[in-house]
Amino acid sequence: AAGVIQSPRHLIKEKRETATLKCYPIPRHDTVYWYQQGPGQDPQFLISFYEKMQSDKGSIPDRFSAQQFSDYHSELNMSSLELGDSALYFCASSHRRGPQETQYFGPGTRLLVL
Amino acid sequence: AQSVSQHNHHVILSEAASLELGCNYSYGGTVNLFWYVQYPGQHLQLLLKYFSGDPLVKGIKGFEAEFIKSKFSFNLRKPSVQWSDTAEYFCAVRGNDYKLSFGAGTTVTVRA
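Those protein sequence lines, which keep their order, are chains A and B.
All residue numbers for the first sequence refer to our numbering, where the first residue is 753 and numbers rise by one.
All residue numbers for the second sequence refer to our numbering, where the first residue is 5 and numbers rise by one.
None of these hints come from the bench; they were simulated from the model.
Some hints could be false.
As the list claims (entries may be wrong) - Keeping only pairs whose Cα atoms sit at most 30 angstroms apart, straight-line, the calculated DSS-like set for lysine-lysine is:
#  : chain 1 : residue 1 : chain 2 : residue 2
1  : B       : 53        : B       : 65
2  : A       : 809       : A       : 774
3  : A       : 809       : B       : 73
4  : A       : 804       : B       : 53
5  : A       : 765       : A       : 804
6  : B       : 53        : B       : 75
7  : A       : 809       : B       : 53
8  : B       : 82        : B       : 65
9  : B       : 73        : B       : 62
10 : B       : 73        : B       : 53
11 : B       : 53        : A       : 774
12 : A       : 765       : A       : 809
With the hints as extra help, turn the sequences into a complete structure.
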């Protein structure tokens, strides 16, 4: 079965640079979630989109922005990168059918900021 | 907002031993509960989920979990672990806002 695809899988950036992370949801999934998992930490919710509209916002810095496109893929744009942004960024997708919704996670993008 | 507490940070056990990982949550409304597993270097995979109905849910790889509403708990169990169960286990709660709130995770190390 098709899974969530994330690219790139690994990314190394310098401080103050920008990065763009991409997420391709499972086919027919209309909802995308972004999570950040710091070293040794649990995943923290950043932002989500449903039917190309932002639906929820978590602890996402103002330096970050995201959007969901017409083909339902999503991009997380990160500017003015800081050392503390080094983390594993997961994307999850779901078919938002209400109470029975289940999120399926991608392999993540490991970002290292030097 | 919901929150999740996992009691054990690191559990070490031998193959064939039984495993139980504790998970408690706090949320005033209806919750959906999940256990995800993260094998070394891999992404989060769904082990099992509870939405409603029978509070004892069975998942993949022989895992099961019991939802006890009165105790706000959703403990994960496996009667006999294998070396391949070495991983990090996350309990997660979803309220009406759809986003998942994760516990801090429990690292399980199974000795061969």
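Now for the hints, and whether the structure bears them out:
no., hint, verdict
1, 53/B - 65/B, "holds (14 angstroms)"
2, 809/A - 774/A, "holds (18 angstroms)"
3, 809/A - 73/B, "holds (28 angstroms)"
4, 804/A - 53/B, "holds (26 angstroms)"
5, 765/A - 804/A, "holds (28 angstroms)"
6, 53/B - 75/B, "holds (18 angstroms)"
7, 809/A - 53/B, "holds (24 angstroms)"
8, 82/B - 65/B, "holds (9 angstroms)"
9, 73/B - 62/B, "holds (17 angstroms)"
10, 73/B - 53/B, "holds (15 angstroms)"
11, 53/B - 774/A, "holds (27 angstroms)"
12, 765/A - 809/A, "holds (25 angstroms)"
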